[in-house]
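Visitor: What follows is each chain in one-letter form.
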Amino acid sequence: MSLRVEDVVCPFCGCLCDDIVVYIENNEIKEVENACKFGAHRFLAVKKHRIKAPMIREGQEFKEVSYDEAIKKAVEILTEAKKPLLYGFSSTSCEVHEVAIELAELLGAVIDNTASVCHGPSILAVQEVGYPSVTLGEVKNRADLVIYWACNPMHAHPRHMSRYTTFPRGMFTDKGKLERFLVVVDVRRTETAEMADLFIKVKPGYDFEVLNALRTILNKGDIPHEEVGGVKKETLMELAERMKNCRFGILFFGVGLTMSRGKHRNIVEAIKLVRDLNRYTKFSIMAMRGHYNVTGFNEVSSWETGYPFAVDFTRGYPWYNPGETDANSLLQNKDVDAVLVIASDPAAHFPRESVRYLAKIPLIVIDPFESLTSRIADVVIPSKVMGIEAEGSAYRMDAVPLRLKKIIEADGLLSDLEIMERILEGVKRKLSSKSEIAVER
Amino acid sequence: MEFILISGRTMHQGETLHQKCSEEYMKACAICEMNPEDMKELGVKDGDIVRVKSEAGEVNVYVKPCEGLDRGIVFIPMGPWANAVVPAGTDSTGMPSFKGIKVRIEKSDGRVLRGDELVRRYEFEG
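If you read the sequences in order, they're chains X and V. Per the numbering used here, the very first residue in the first sequence carries number 4; after that it's consecutive. Per the numbering used here, the very first residue in the second sequence carries number 8; after that it's consecutive.
Think of the hints as simulated: they come from the structure by calculation, not from any bench. Errors might be hidden in some of the hints.
[Said to hold, decoys possible] Pairs of lysine-lysine, DSSO-like flavour, derived with a Cα cap of 27 Å:
#1 K114/V <-> K40/X
#2 K60/V <-> K206/X
#3 K109/V <-> K206/X
#4 K71/V <-> K114/V
#5 K47/V <-> K337/X
#6 K71/V <-> K109/V
#7 K114/V <-> K363/X
#8 K206/X <-> K275/X
#9 K55/X <-> K33/X
#10 K34/V <-> K47/V
#11 K85/X <-> K114/V
#12 K66/X <-> K40/X
#13 K71/V <-> K60/V
#14 K50/X <-> K34/V
#15 K408/X <-> K86/X
#16 K235/X <-> K109/V
#17 K40/X <-> K47/V
#18 K51/X <-> K34/V
#19 K337/X <-> K71/V
#20 K206/X <-> K236/X
#21 K223/X <-> K206/X
#22 K71/V <-> K52/V
#23 K204/X <-> K71/V
#24 K47/V <-> K206/X
#25 K204/X <-> K47/V
#26 K34/V <-> K55/X
#27 K236/X <-> K223/X
#28 K109/V <-> K431/X
#29 K408/X <-> K51/X
Given the sequences, and given the hints that come with them, work out the whole structure.
Guide: See below:
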């Protein structure tokens, strides 16, 4: 049987493109339309490099087991740990986040998502100075000045410029790119920079100074230096003029700001610049969120616990202190004694010091695909691919929620939600039997 | 020679994201992009192996020329190779310093490890 499915939402990056067309024959994805290279690969290679069966580590070998056995072992690890960490969540649905937060509360665990290694500092800044943001639809319809600062959408969000910001024709931007001015600010000349009308190269680690200089020009009219962070004064003056005189400006920023010297201070300065610009014109700012549902976890966690990430339940109530309660600080300080990783690969994306400890403590991995974290795990539980084999909700980078579709069957596999619900049930049973034994004594 | 290391996303890294134990992932991420003038001074050519060393550790990767980089700056795609030299600590923010790392780079006659080989070594490292 062949099937054409329209308006499929792409489960890859924070663009969450919802115009994908997928052709399916006999439960196999044959062709994909409208997707970028990442998206097309996500759909077409969905059956490659999969974890074939649940596994438990015995010495240096993995033994294939049933789902029941793997989940039982996971429950054992989590309930025996004094302070477990639940981490990942950015490539799975909000429904899974909800169950995971209940699990964290029940266990007295810490729960964190990949925001702590991408836009965690942006969240810290937003909590300090607010977030004058918009939706990508408004950008498409109105923006005549588009700035990409410390990000490379051509490589990280390939359809961002063509679908939402730079090239599309919008309601008040009906000439598309002809009506927009594109500025790229970065430490290196990337492919995105090659497309810019104005490219500004900043010395690595000097974004704060450059942002601050722009604010000074806006507020005082001049700066007392000929060059700031490798950028000439006249270039900064030109950019400040363009910002002031546009109809609708948008500043997109990437992890080049959050991961460099200054971290959240860089974002505070960028947001303050946008705030200052609103005295002259309409200007907005948006973080280039990476994983397709990294934003979703921060939303769910905020409404469930009051905090967006790095939430510690060891006191019996939510406690939030990034720098202490985030995944990397906990691992580097050897402050957790078991970890459950879902829909993420910290062994590939955390610094050496964190991975060294992660490799030595009991580790449960839930993922559809083989990951480096699965190679150092004690329990490996395969799952369905969210957005292709299972449905759920996800939030786009501008916090617009979209519904991920199930377009093919994956018989014999459980979804992330089913696995997490089973773990939660197992933990509830184990903890209640523990408390019964304590009462009898 | 001393450099400032930037790590980050690339198209090829993203494409091979779900096949991390493969040679393709290694080819996509175990590379160090460098200004051609710096490569000349270091005495290396495209595809040679270099040792990148920071206060956190060291790692072998293949060197690749890149005109878009200024002299003194190198780029390694995000992944276990770059992270082998990312220092510990988060400046009390939760965010490690994945960009702007001081490194020393020299020609190496060693081998480039596959992703899974690299992380499995951490099980035994003190």
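Visitor: All the hints need checking, so say for each whether the structure fits it.
Guide: Hints versus structure:
1. K114/V <-> K40/X: It is violated: about 34 Å lies between the C-alpha atoms, which goes past 27 Å.
2. K60/V <-> K206/X: holds, 22 Å
3. K109/V <-> K206/X: holds, 14 Å
4. K71/V <-> K114/V: Answer holds: K71/V to K114/V is near 13 Å, not above 27 Å.
5. K47/V <-> K337/X: Answer violated: K47/V to K337/X is near 43 Å, above 27 Å.
6. K71/V <-> K109/V: holds, 19 Å
7. K114/V <-> K363/X: violated, 32 Å
8. K206/X <-> K275/X: Given that 27 Å is the threshold and the Cα spacing comes to 21 Å, the pair holds.
9. K55/X <-> K33/X: holds, 22 Å
10. K34/V <-> K47/V: holds, 22 Å
11. K85/X <-> K114/V: The given pair, whose Cα atoms are some 46 Å apart, is violated under the 27 Å limit.
12. K66/X <-> K40/X: Roughly 35 Å between the alpha carbons, so the hint for K66/X and K40/X is violated.
13. K71/V <-> K60/V: holds, 17 Å
14. K50/X <-> K34/V: Roughly 22 Å separates the two Cα atoms, so the pair holds.
15. K408/X <-> K86/X: violated, 35 Å
16. K235/X <-> K109/V: With a Cα-Cα distance of about 25 Å, the restraint between K235/X and K109/V holds, given a limit of 27 Å.
17. K40/X <-> K47/V: Given pair K40/X, K47/V is violated - Cα atoms ~34 Å apart, limit 27 Å.
18. K51/X <-> K34/V: Since the Cα atoms of K51/X and K34/V sit roughly 18 Å apart, the hinted pair holds (cutoff 27 Å).
19. K337/X <-> K71/V: Outside the cut-off at roughly 37 Å; violated.
20. K206/X <-> K236/X: Within the cut-off at roughly 14 Å; holds.
21. K223/X <-> K206/X: At roughly 24 Å apart (the allowed maximum being 27 Å), K206/X and K223/X satisfy the hint.
22. K71/V <-> K52/V: Judged against 27 Å, a Cα distance of about 8 Å means the pair holds.
23. K204/X <-> K71/V: holds, 21 Å
24. K47/V <-> K206/X: holds, 23 Å
25. K204/X <-> K47/V: With Cα atoms ~24 Å apart, K204/X and K47/V stay inside 27 Å; holds.
26. K34/V <-> K55/X: Holds, because 25 Å separates the two Cα atoms, which is no more than 27 Å.
27. K236/X <-> K223/X: Between K236/X and K223/X the Cα gap is close to 14 Å, so the pair holds against 27 Å.
28. K109/V <-> K431/X: Violated - the C-alpha atoms of K431/X and K109/V are around 48 Å apart, more than 27 Å.
29. K408/X <-> K51/X: Holds, at about 20 Å.
When each numbered hint is compared with the structure, violations occur for hints 1, 5, 7, 11, 12, 15, 17, 19 and 28.
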